[in-house]
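Enquirer: Sequence:
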Amino acid sequence: MGFVFSKKVEGVVEGAEGSRRRRPAAVAINSEPNSVLSKKVEGVVEGAEGSRRRRPAAVAINSEPNSVLSKKVEGVVEGAEGSRRRRPAAVAINSEPNSVLSKKVEGVVEGAEGSRRRRPAAVAINSEPNSVLSKKVEGVVEGAEGSRRRRPAAVAINSEPNSVLSKKVEGVVEGAEGSRRRRPAAVAINSEPNSVLSKKVEGVVEGAEGSRRRRPAAVAINSEPNSVLSKKVEGVVEGAEGSRRRRPAAVAINSEPNSVLSKKVEGVVELNDIVFSWSIEDISNGNLYKNQVCEIPERFPSVENYLGSFVYPLLEETRAEIYSGMEGISTLPYARVMRFEECKPYGKNFFEVKVDSWRNRSSKRGKEPYKMLPGDVLILTDSVPKTVSDLQRMGRIWPFASVTKISDDKSEGDFALVDFKVVTGKKMGDINLKERQLFAISLCVNLTTNIRIWTALHLSRNWNVLKEVLCTHSSGEEECSLCTVQSDDFCRENLKGKLLNDLNESQAEAILTCLRKIRCQRKPVLELIWGPPGTGKTKATAIMLLNLLRMKCRTVVCAPTNVAVTEIASRVVHLMRGSASLGDVLLFGNKERLKVEGLEVEDICLHNRVKRITECTAPTTGWKYCISSAITFLSDPLLQYNIPSGEKLCERKSLLEFLRERFLDIVKPLKRCFYTLCTQIHASYVPKHIVHKITELLGHLESFSDLLSGENLVFFSQRLGEAFSCQSKDKCLAGALTGPLSMLYLKRSECLAALKSVQDSLNRWEIPSFKSEYKIKEFCFQSASLIFCTVSTTFKLHSLDMKPPQLLVIDEAAQLKECESVIPLQLLGLRHAILIGDECQLPAVVKSDVSKEARFGRSLFERLSSLGKLKHPLNVQYRMHPSISCFPNQTFYDGQIRDGPKVTHESYSKQYLPGLMFGSFSFINVSEGREEREVNGSSLRNPVEADVAAQILRNLYEAWSLSLKENLSVGIISPYAAQVGAISERLGKKYEYSDGFTVTVNSVDGFQGREQDIVILSTVRSNHQGSIGFLANPNRTNVALTRARYCLWILGNQRTLRGSSTVWEALVYYAIDRRCFFNADDDEGLAKTILKAKTKYNQLDDLLTSCNVLFRDAKWKVILGEDFRQSFRKLASSRTRSSVMNLLMKLSSGWRPKRKVVNLICKSSSQIVKQFKAENLYILCTVDIEKESEYTQILKIWDVLPLEDTAKTIEHLDGIYMRFSDEYVSRCKEKRFEGDLQVPISWETPFDFFRRGDSLGENSEGAKDSQLYT
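The opening position of the sequence shown corresponds to residue 1 in the working numbering, with each subsequent residue numbered one higher.
Just to be clear, a hint being listed does not mean it is correct.
What the hints assert, rightly or not - Straight-line C-alpha distance at most 20 Å; calculated EDC-like pairs for lysine to aspartate or glutamate: (1) Lys344 / Asp419; (2) Lys1170 / Asp1214; (3) Lys902 / Asp1214; (4) Lys747 / Glu657; (5) Lys910 / Glu958.
Unchecked claim - Using C-beta positions, here's what the derived DEER-type ranges look like: (6) Arg550 / Ile631: 47 to 53 Å; (7) Ile1072 / Leu800: 30 to 36 Å; (8) Thr614 / Glu766: 40 to 46 Å.
No wet-lab data here; the hints were simulated from the structure. Note that the structure is a prediction, hence the values are computed from the model and not measured. We treat Cβ as the ideally placed atom computed from N, Cα and C, and that holds for glycine.
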């Protein structure tokens, strides 16, 4: 059963509640089979004639067979006559047989009562067959009487089968002609089975043509069961929630036989409802929306077309994300349900759930353990499935569920319980957990962002900036004519001193231009700042934001991730520290994901600020209480000391001990309150002169504390009471005090005077007090001028009652899907936007191939750049050593980026490890690695590369430990999550507590926006086909190559990368040309690491093609015969393989066993074949001679065989060696020893290899090894 509209449209009226300007409900048209829209309702149109701002009704007509619509709805028209702004009433007429108009729609009327602009009720009229609509709908007219601005109701008429309504409702369209601001009605059409909706309600859309602000109708169509949501819902409802100017919901009505309008529909079908309607087959179907998804264009004719172009790609991407989550269902986190109860106050399908601890929490390598968040998608099932098909078995319970709220999640331990609430896609009924089990399986998919995007695509709030992104025309950019004459003086005045001096020319130009343009109040401005890696983008942005703060420009700053938001916020706070209050800067978002503990931004984080302001303003812990307590204490501390405390006389503290402890108890919370007042409250509430007084007071209190804790005060303990019993008027007694007591008395008096002064000042400025945390949050948002959050989280700002922002700044804008940018771009009041990013770096991740082909992952920044929109470039990089920056600069930026003086200085060249291999830039060829797919996953790993990376890190740490131990940061990155996990496993927690030596392991995607002193890049791919998958993406390559400051060491298989025909081929040749190419086995330590790894992972057969690693320290050159290679590959036991290889390495080093070796002599040639035992096999080898610069003995390995098979090989060798000369055989038998090791012998004098006339086609000078042994 497909998704069916089945909810009552009650929210249309409610949507207008409390709005400043209300608009009547959208109208639903319902036609029976074979009915045709056939007639114009002219009266409604005429009724609007002559009005200053006309808004015609959306008309739907339904008549019984043979009935006659015999009269215009004149009352509706006449009722509006003379009104300042006329709007016809919404009239719903239903002529079903024998139906009775039995109830007045009172709620609609009441909903408008007391409003500044009243709207009459929508009237439902029901007539018997053959009845004639002959009377004015007087109630509707009367309902509007006396209103300041009357709007008659829109008319809805419903026709039975065979009735004819053969004409478009053109009058509705025409009625809007010439109006200053036209808004046609939102029309929803629902047809019975076999009915045909052959034409769009074009008139409603056309009616808006030429209007200053066009908003076409939202058209939602739903047909018989199993129908598909086949049309875009372009005109939305929920978008109006909390808006200053609300627009009512577009209504969808389902007229299936016997269906009941039983639930409220808030305007547009929710994304969750669509997801819940999908079957397993739907989710697995990659073509589910293929026919609906169209390529997103570069230019758009209207905002409606722009928003609508993302709807189906978003649905398809959501499907793909869920499918991706379900692929490894057996490894997903799951927990057993301990309680499952329906939350009746919230409606059907809402449940409260308690589960035991999550299993498989850490099953995803390279990722943090799973922790539930609102928006997570779950499957509730009666058993834990091993495959997706297990969910489809007969009788299986498996509804989707979405987490709505988490009551308690202490899932760190193995037996913790988790409480949360979910909404399910199916009715679960009563489940007896004693009789059957129920499990919650997390798909590790969170729909929160997708739901927010979906809602934003259906918003109709603020289109000021959105109109600037349509790029309807290709003409050049024009500045406001009244603003172009303004100079940069104003902006330069705000960029003073050190801040301006810290910017280079391109940074200053970009900031000044943006600050100048956003001062325009006549035309929306959209600016792009282009910041390639290392060009100081974050620094320049922070300085710009600080100046916007000084200009009192209310700004929302967002980025795609919490890490990026925290980074830019930290820079701003660092610049502000000590010079300004942080009260007008706010960071908010998910507490778990922000992770601000211990960072500078902790002071501006919303949840911390609310906590501190709560404490600072509470009756028993607030600043008033603390100041009062301090004054009371310092005025007469002896009084408090003498109050009985219940202590025994022998246990009672001395006066000095009491004073010290009590003063500390009072001053500690007082200081916290003062810190909150000076840093967390907006400066308008605590101005600078009060902050100065508080600072002086804190100095007095600190001095008093020092005096009170002085050791010499013990000697005056007998007279201590005198110093605290003296009042200011007791001048004679005060004058009698000497030494520390006199100083203590004077400082006490200063503290009291300063406390009272601060108290009076704060009381005069009326610091606000709050009754709830909600009010404190509201206060924080109201007073903040600079608000930081993720792009997704800006969705929450739509529902907040706060002063509208003037400017939106999006950092890392090229990482965003364009549709996600729509969320903040529609914030009410927003006039300008600045996008900062680099389209040459990584875009947003898109799971669906269909959506990817439609350009769904393209960012707004990239699209505007591709259309030639002017960008303000930052063109000097300060991060990378020139040898690192050279290749990406030439490859990705056409040489436009210059190296700053800092990185070109000789001090920027670092050598952390000895050898050319570990210079500033190097490609380290690990040809012995093997790529493999992780178990139950789609990601790749290369264990040998992982071991090499871990060994290089160990070498680094050892070298750093022996040095001066300057702070050193190392990043190990890879494009593949499985490789990140493999490297993390090898490192463990070894470097977590190394002070000054920090190690970060992450994916390339996760490392965007970050930098480290040294970066080790593991490319993973190693195959003969040159296939490198998404490593070929130039944006990903760019990010990977631009993260390092001093050293970048790339690990990879040069043969695979050179054969990829991608940018990696160019990179390998670049390294070779620059003499930065090295083989990993050229380093002795890495060669041993590779050999150990190949032995450990049973990959020794990979070394048979290249003997560099196996025999790099050998005295003998070893040649492996083809028969040996084949026999070795057939060995099943890894232990036997290892024994054979270890024996070969010993033989190549010159080792020979002391026990007697069985020598097998070839009968015809007299050549000696030696055999050495390894496990239960025998290695057969001979000493041969190879000619290079001279004639040298070599070790030829023929085969490895069981003893019974050796005779056949000897016979084969006899046929080969009988052709060689006696001198050749004699020299092969010669031996030379160095100690216990046999070493090869070399000759300069030539000799004949073969017998005369039997040279195997070669001359007597000998033959190459590859030709001799075939």
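Enquirer: State for each hint whether it applies.
Expert: Each hint, compared with the structure:
no. : hint                         : in the structure
1   : Lys344 / Asp419              : holds, 17 Å
2   : Lys1170 / Asp1214            : holds, 14 Å
3   : Lys902 / Asp1214             : violated, 71 Å
4   : Lys747 / Glu657              : holds, 19 Å
5   : Lys910 / Glu958              : holds, 16 Å
6   : Arg550 / Ile631: 47 to 53 Å  : violated, 37 Å
7   : Ile1072 / Leu800: 30 to 36 Å : violated, 58 Å
8   : Thr614 / Glu766: 40 to 46 Å  : violated, 18 Å
Comparing the model with each earlier hint shows violations of hints 3, 6, 7, 8; every other hint is respected.
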